[in-house]
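> What follows is each chain in one-letter form.
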Amino acid sequence: MKKQKLNGYLVAGILITALLLLLTVYGAIHTPYSPTAYTGAKFEAPSAAHLFGTDKLGRDIFSRVLKGMGTTLSVALATVAIGAVAGTAVGAATGYFGGLVDDALMRINDALTAFPSILMALLVISLLGPEHKYSLILALGIVFIPSFARVTRTAFASLRDVNYITSARLMGAGNLRILLVHLLPNTGRVLLPALTIGFNNAVLAEASMSFLRITPLETSLGYMLSEAQGMLSAAPWYALSTGIVIALLVFGVGLIGEGLQQRNKEA
Amino acid sequence: MKYTLKRIGLLLITMLLVSFLTFLAFSLVSGDPAQTKLGTEATPERLAALRHEWGLDQPFFVRYFRWLAGFFSGNLGVSYHYSKPVWDLIASKVEVTLCMCLLSFVIITLVSIPLGIWSYRWVGGPFDWLRTAFNQLCMAVPPFFTGMLVSYGFGIVLRVFVPGDVPDLHTQFGAAVKHLFFAAVCIAIPRIAMTIRMMRSTVISEMNKSYVRTAISRGNDRHAVLTKHVLKNSLVSTITFLGQTMAEIIGGSIVVEQVFGIPGLGRFLVASIGYRDYPVVQTIVVILAFWVVLVGTIADLLNQHIDPRLRLGGKT
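Taken in order, these protein sequences are the chains called A and B. Counted from 1, the first sequence has number 126 at position 122 by my numbering; the numbering is strictly sequential. Counted from 1, the second sequence has number 249 at position 138 by my numbering; the numbering is strictly sequential.
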C-alpha cells in the first residue's frame, strides 16, 4: 500500500472549519457582550474592545456574529440531517429494489428539479406558515431530500449486483441487513462529498432565507447581513464581518469536499 | 424529429405536473381566503359573494383548469391582497426578471466556456491548487453579499446606476440593461466557478481518451486538439450543466433582486408570501418553474442535435 500524500485541500479545509466551529462553541457558552444590548457608542470602528465594531444600535458586532454562527450552523446541520437521512432512505429503497416505485419516485424527482432550491424552500415555508420558527428547518430539509436521493440511488443501484452482495444474499442475509450493513458503508465515497456540498447549500440557503426576512430568525447571519445593508456606509465592518464569516464557513467545508473528491480519485 | 416531439411531450407533462402539484398544495393550505379577507364578522351573503367573485365556489378541477388556461388568456385570478388581477400585477415584473436571468445566463456561458478550456493548461502545474482554491472561494461568497458590495461600490460611490431605481425596459432599454447587468454578474460569479470546475473535469477525462492521443501522436498541436476536438466533445455535458444552471440563476435572482431593489418577480414573491397572497404566490412559482423546465428541454434538444447518438437513447 502506498503512503497517502498529504491532501492540502483537506487539511486547509479542516483547519478553517475547526477554527470556526471552535468560535461557534465559544459563542454558545460566552460572548464578550450581550448580542442584543446597547454596549457603548454607535457605529464604533473595530477596536480591541469591539473586535468587529458596533452597529446603529450600539450592539457589539463580534458578539452578534458569534451568536449568528450558532444559529446558522445549527439550522444548516438540522437541515442536512433531515435531507441526508430521508434522502438516503429514499435513494436506498429505489436504487436497491428498482421497479415501479423507482420509476414513480424518479418522475416526481424530475418534476421537483424544476423548482430552484430557494423557490422550493419559499414554497414550503409559504405552505407551512412563515411565522413558525421551525418552518425554515423543515422547508430546507425537505428541499434537500431529492438531491441526496439522486446521489445515493445511483450508488445503491451500482452496488446491487456485485459479488459480495450476491454472496451475502446466498448466505441468507435479509434485505434490511444487506442495505444497512453491506451497502451503506460502501456508499460513503459518494455520500461524504455529497454531505459537504449539501451542508454548503444549506448554509447559503439559510442565509438567503433569513436575508429575505421570511422567518423570524433574528440571530442568523443572513438576517444580520440584511440589517447591515442599511448601515453599509456608516458601519461597513458589520456587512464585511458577517459576509466574510459566511463565505469562510462555506469555503472551509468546500475545501474539505474538494479534498475528499481528490482522495477518491487517487484511491 | 420523433425525438423532438417526444421531448416536447415530456415537457408538457412536466409542466402539467408542476402546475398541478403547486395548485394542489396551495388549495390545501389556503383554507377559506374569503373569510380571511373579510374577517369573522362578515355576513354570509358577503362571504358567498366574494367566494363567487374569486371563483372559490367551483369544484377543485374546474378551478385548476381555469387557472391553467389563464396562463394563455392572462386571467390568472385576483390577488387577495391588492384585489387586482394577478396578471396585471406581475406582467411588468416577469419581463424584468427574465431579462436579468437571461443576461446572467449569457455572462455565464461567455465567460465559463473559454475559461473552462483554458483552465486545463493549469492541470498538473505548480499553481493548480491556487486556481482550485480561488474557484472554491468564488463559490463560497453568497451572491447577496457580492450584490451589497457591488451596489454600494458602483451605485453609491461611483454612481454608475441608482440602486433601487430600475429604468423602464421599454422606454430606456439600454439604461435598464446596464442596471440589471450588475445584478446579473453577482448571480453569475458562483455559477461561473461551478461551470469551470465541471468543464475542467470533463476536459481532463476527454484528454485521456485514445482519439486525443492519436491526434497528438500524428503531430497535431496540443492547443488545436483542445479547441477543435476536445471542446466539441465536452460540449454535450457542458450544455446539460448550463441548462440546469438556469434553476440556480432563478433562485439567485430572488435574493439579488432584494439587494438591488429590482422590481422583479422574486421580490414580489417574497412580499406576497408575507401577505399570504396565494393566487400571486402560486402563479409566480409556476412561471419560474416553467422557465426552468423550458430551458432544460432546449438544452436537451440542442444536445441531440450535436450528438445524434442521444436520439437513439444512447449515452455519451
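Just so you know, these hints were derived from the structure itself, not from any lab. Among these hints, one or two may not hold up.
[What the hints assert, rightly or not] The calculated lysine-lysine pairs, modelled on DSS-like cross-linking and capped at a C-alpha distance of 30 Å, are:
| hint | chain 1 | residue 1 | chain 2 | residue 2 |
| --- | --- | --- | --- | --- |
| 1 | B | K113 | B | K148 |
| 2 | A | K137 | A | K60 |
| 3 | B | K148 | B | K195 |
| 4 | B | K320 | B | K289 |
| 5 | B | K204 | B | K343 |
| 6 | B | K113 | A | K269 |
| 7 | B | K343 | B | K117 |
| 8 | B | K148 | A | K137 |
| 9 | B | K204 | A | K269 |
| 10 | B | K113 | B | K343 |
| 11 | B | K343 | B | K320 |
| 12 | B | K289 | A | K269 |
No experiment lies behind these values; they were computed from the predicted model shown.
> Find the hints from earlier in the document that the structure breaks and name them by number, from lowest to highest.
1, 4, 5, 6, 9 and 12
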